[in-house]
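Number of protein chains: 2
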Amino acid sequence: MNLSCLFNPGSIALVGASHSEHKLGGVVLRNLLRLKRRIRILPVNPKFPSLMGTKAYPSIDEIQGRIDLAIIIRPAPEVQVILEGLAGRTSCALVVSAGFAEAGQAGLQNAIRNAAREGGIRLMGPNCMGVYNSATGLDTFILPPDRLPRPNAGGIAIVTQSGAVLSLLFEGMTKTDMGVSITAHYGNAADIDESDIYEYLENDPGTEAVISYLESVRDGRRFMKRAKALSEKKPLIILKAGKGAAGQAAAFSHTGRLAGAYEVFHSILTQYGICEAYDFEDLMDGALALSTQGKGRAEDRRKAKETGRKKQKKQKRQKTSKGNRVLVLTNGGGAGVLASDECMRQGLTQPAIPSSNLDSLRKKFPPFYGLGNPFDLTAQGSGKDYLTVLEELGESYDGFVIIALSAVTGITPALAGILEDFKKRADRPVVLHTGQDEVGKELVRAARKAGIPSFATPERTVRALEKLLSW
Amino acid sequence: MNLSCLFNPGSIALVGASHSEHKLGGVVLRNLLRLKRRIRILPVNPKFPSLMGTKAYPSIDEIQGRIDLAIIIRPAPEVQVILEGLAGRTSCALVVSAGFAEAGQAGLQNAIRNAAREGGIRLMGPNCMGVYNSATGLDTFILPPDRLPRPNAGGIAIVTQSGAVLSLLFEGMTKTDMGVSITAHYGNAADIDESDIYEYLENDPGTEAVISYLESVRDGRRFMKRAKALSEKKPLIILKAGKGAAGQAAAFSHTGRLAGAYEVFHSILTQYGICEAYDFEDLMDGALALSTQGKGRAEDRRKAKETGRKKQKKQKRQKTSKGNRVLVLTNGGGAGVLASDECMRQGLTQPAIPSSNLDSLRKKFPPFYGLGNPFDLTAQGSGKDYLTVLEELGESYDGFVIIALSAVTGITPALAGILEDFKKRADRPVVLHTGQDEVGKELVRAARKAGIPSFATPERTVRALEKLLSW
Numbered sequence: 001m002n003l004s005c006l007f008n009p010g011s012i013a014l015v016g017a018s019h020s021e022h023k024l025g026g027v028v029l030r031n032l033l034r035l036k037r038r039i040r041i042l043p044v045n046p047k048f049p050s051l052m053g054t055k056a057y058p059s060i061d062e063i064q065g066r067i068d069l070a071i072i073i074r075p076a077p078e079v080q081v082i083l084e085g086l087a088g089r090t091s092c093a094l095v096v097s098a099g100f101a102e103a104g105q106a107g108l109q110n111a112i113r114n115a116a117r118e119g120g121i122r123l124m125g126p127n128c129m130g131v132y133n134s135a136t137g138l139d140t141f142i143l144p145p146d147r148l149p150r151p152n153a154g155g156i157a158i159v160t161q162s163g164a165v166l167s168l169l170f171e172g173m174t175k176t177d178m179g180v181s182i183t184a185h186y187g188n189a190a191d192i193d194e195s196d197i198y199e200y201l202e203n204d205p206g207t208e209a210v211i212s213y214l215e216s217v218r219d220g221r222r223f224m225k226r227a228k229a230l231s232e233k234k235p236l237i238i239l240k241a242g243k244g245a246a247g248q249a250a251a252f253s254h255t256g257r258l259a260g261a262y263e264v265f266h267s268i269l270t271q272y273g274i275c276e277a278y279d280f281e282d283l284m285d286g287a288l289a290l291s292t293q294g295k296g297r298a299e300d301r302r303k304a305k306e307t308g309r310k311k312q313k314k315q316k317r318q319k320t321s322k323g324n325r326v327l328v329l330t331n332g333g334g335a336g337v338l339a340s341d342e343c344m345r346q347g348l349t350q351p352a353i354p355s356s357n358l359d360s361l362r363k364k365f366p367p368f369y370g371l372g373n374p375f376d377l378t379a380q381g382s383g384k385d386y387l388t389v390l391e392e393l394g395e396s397y398d399g400f401v402i403i404a405l406s407a408v409t410g411i412t413p414a415l416a417g418i419l420e421d422f423k424k425r426a427d428r429p430v431v432l433h434t435g436q437d438e439v440g441k442e443l444v445r446a447a448r449k450a451g452i453p454s455f456a457t458p459e460r461t462v463r464a465l466e467k468l469l470s471w
Numbered sequence: 001m002n003l004s005c006l007f008n009p010g011s012i013a014l015v016g017a018s019h020s021e022h023k024l025g026g027v028v029l030r031n032l033l034r035l036k037r038r039i040r041i042l043p044v045n046p047k048f049p050s051l052m053g054t055k056a057y058p059s060i061d062e063i064q065g066r067i068d069l070a071i072i073i074r075p076a077p078e079v080q081v082i083l084e085g086l087a088g089r090t091s092c093a094l095v096v097s098a099g100f101a102e103a104g105q106a107g108l109q110n111a112i113r114n115a116a117r118e119g120g121i122r123l124m125g126p127n128c129m130g131v132y133n134s135a136t137g138l139d140t141f142i143l144p145p146d147r148l149p150r151p152n153a154g155g156i157a158i159v160t161q162s163g164a165v166l167s168l169l170f171e172g173m174t175k176t177d178m179g180v181s182i183t184a185h186y187g188n189a190a191d192i193d194e195s196d197i198y199e200y201l202e203n204d205p206g207t208e209a210v211i212s213y214l215e216s217v218r219d220g221r222r223f224m225k226r227a228k229a230l231s232e233k234k235p236l237i238i239l240k241a242g243k244g245a246a247g248q249a250a251a252f253s254h255t256g257r258l259a260g261a262y263e264v265f266h267s268i269l270t271q272y273g274i275c276e277a278y279d280f281e282d283l284m285d286g287a288l289a290l291s292t293q294g295k296g297r298a299e300d301r302r303k304a305k306e307t308g309r310k311k312q313k314k315q316k317r318q319k320t321s322k323g324n325r326v327l328v329l330t331n332g333g334g335a336g337v338l339a340s341d342e343c344m345r346q347g348l349t350q351p352a353i354p355s356s357n358l359d360s361l362r363k364k365f366p367p368f369y370g371l372g373n374p375f376d377l378t379a380q381g382s383g384k385d386y387l388t389v390l391e392e393l394g395e396s397y398d399g400f401v402i403i404a405l406s407a408v409t410g411i412t413p414a415l416a417g418i419l420e421d422f423k424k425r426a427d428r429p430v431v432l433h434t435g436q437d438e439v440g441k442e443l444v445r446a447a448r449k450a451g452i453p454s455f456a457t458p459e460r461t462v463r464a465l466e467k468l469l470s471w
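Chains A and B, in that order, are what the protein sequence lines are. Residue 460 in the numbering used here is what sits at position 460 of the first sequence, and the numbering runs on without skipping anything. Residue 201 in the numbering used here is what sits at position 201 of the second sequence, and the numbering runs on without skipping anything.
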């Protein structure tokens, strides 16, 4: 089943369209009229011949021809009949309305699921905001852009059961300048669920990495299969909420789906090598880390295509790196100690500097540099010193935590270029922690352009590296 | 032993003063000349009769009278002789110079400790930046303010073994607009250590809360005694780094002190009821949370003083709250689930809404509100709804997590006033998570003024509440 009727429809009926942006049906109509591509928009409203300058239809029966996507914003008790009317000529329906399982109305939800199934309609929702596709501008959200700013276009897909978490994600992505490809808020998941969406995203060309928030899974076996398949092609990072009793009860009242035993879920994810976030911040940091890596690989694919080596493009993406040997390279002792503590908590090892390299490094540095791991360049450390260490030790570690506190004069934004060169040569993950002064901010920007993500604390930097090493 | 010679000296000799701000001895002299209060500054330099417009002394022997604080910025091998020259007429010496135990020169460090002891001098350092006192402007740091901006004056004292962490703390405090009272970076701690500083801060009137970063403790028994005594008077939050083998090795090469077994340390802190941070971010969040509470209590004390009830002022501050029953009140389901997960991880309970309150609340709210815990006002929730719930349930919980996603129209900055009124009446901790749009930012500012701290994710908000409940 291909969900392009949902994510890339050629025609959209909006049942419950309104002339007023004070109503949900008006907000969504306004969004749809902002589309970047030519898509037939068919507002349905019995009272107005046109809405916002677009011809309206008094009922769905008046619409000629096939409808790819029907968006339904009508009170819950009306939805079943509307779906029955769309049977046979609609590929996909998005039910925005609430008032189903999450409000104790499981019967109503079963009824609309059955109506959709019998009518050959794939159903998203109910109780959801639907889809935002940055490539086409498709936007079914009931919150206008001035209340919920959409992030820039980019390579990260969002799959979320919760609208609140969607708004947190959008805020976080905007703040860190991450770009979104497709966003899907699927709510109660009466039919279409995370597994369907994962399957679609496997082959979505605009999506380089996927972040997924979920509280519950209906078919655990199918979920794991789809998550594994997606994760083998693109970075996938999952935040499973509703871990404890209170969280599970909250998740149930929120989407009407039961959150299963978390321990089982967690151990299967680990076993399948699927990346899991500890909490919301970890999800955002992981997304930033994985998206910078994805970019590099996406470029590899583009180049392969340009040079005609199309076979390479079709190859399954191999999981990257490998191993867990980390070098922490710092210009501040305490920051290095904090990073080391987090390496330990994350199960990353910090092997000592190989003795074959020690003599050579000792000759190049003043005696007060700390030639351990963390490797401490002290406040005297310069960009050149970072280069010296990385050139000497680049082969001996699987990932590199670079701490460059910018309060000292040795650190300039030029360090980004040094790290970029090293990363290209070594082809191993490099993550950065620096200061928040002007020098630090400029370094962060330059490093980001070079595919090296930065994080606000030493520990968050290590956690992000762990995600890169485990994908 | 009172350390006011260190934190509030009346006279300061600067051995190694320089005319150039390109040298450490010039940076510190410039800092000292910015002092807000009249303190005798006595630069020592054999080559210049005056430095930066201030009379200089060719040697320490030329200085008449007693010296409260001697700052020494000379190469390590010279320091012992300098201390011997100061014997008998100097209360305290701050040795900024590195090149002692952290560089394998334990003998040199023992020699200066003995010289100080025999000369009746308390010694801070070596290998440290010393003291910043926002009340007087005393500033011995070797980094100029344009490289390391000092935070505003305020109630938080910083006690740190690491200079790198000090710079992280200053950045973080500046960003979240937290104010600092006294900052002490004590480095190798040959003599003065965290225990001495804790003891001083117990009675420092400008300090309302203390955050402390440490890697190692020399005298564990004394440390616990002083930490407990301080913590009984003021909020104290400790980040112990060097928890694992790699971290401990790094801590040793960094300050030359051995980091002990973390598990023992952790269990004793817990047993003594001393607040511990998980990582750097947790330390910053905890500081923000505890400082807002401290402010409230500091005002209570001021009022008590004004009304003449001085007895109250002298009473030992009692540890605040109590109990771990948390209400999560949200307008976004998923954000509430994330908060619940963190409550579980932090050992906080979320009892259901008492049945005696349920009927009353049901009558006041639409049927789709989720009357559980989390209490879900949905995207329809308004400031008035928050008030209704808090008035009804304020007595039934020990702490309140308020989640007010600002992408919906019901949330305005006026919510801060509602929370402030409630907090004053209930006298229980309230913490906030909101959005980062303009409405959210204004709400954060207004709430902060009202003594209600905000945090960037639901989970961090819960962790901060846990600190408030455990202090």
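Note that these hints are calculated values from the structure, not bench results. Where hints are given, some of them may not hold.
Any copy, or any two copies together, can satisfy a pair, since identical chains are not distinguished.
Lysine-lysine pairs mimicking DSS-like chemistry, simulated, CA-CA at most 25 Å apart [claimed, not checked]:
no., residue 1, residue 2
1, LYS363, LYS233
2, LYS441, LYS175
3, LYS55, LYS363
4, LYS225, LYS384
5, LYS23, LYS364
6, LYS384, LYS233
7, LYS55, LYS449
8, LYS47, LYS363
9, LYS36, LYS23
10, LYS384, LYS47
11, LYS363, LYS225
12, LYS175, LYS225
13, LYS228, LYS363
14, LYS384, LYS23
15, LYS36, LYS228
16, LYS363, LYS441
17, LYS55, LYS36
18, LYS233, LYS175
19, LYS55, LYS441
20, LYS441, LYS424
21, LYS363, LYS449
Fill in: Hint check against the structure, violated hint numbers in rising order
Going through the list in order, the structure violates hints 1, 3, 4, 6, 7, 8, 10, 11, 12, 13, 15, 16, 18, 19 and 21 and respects the others.
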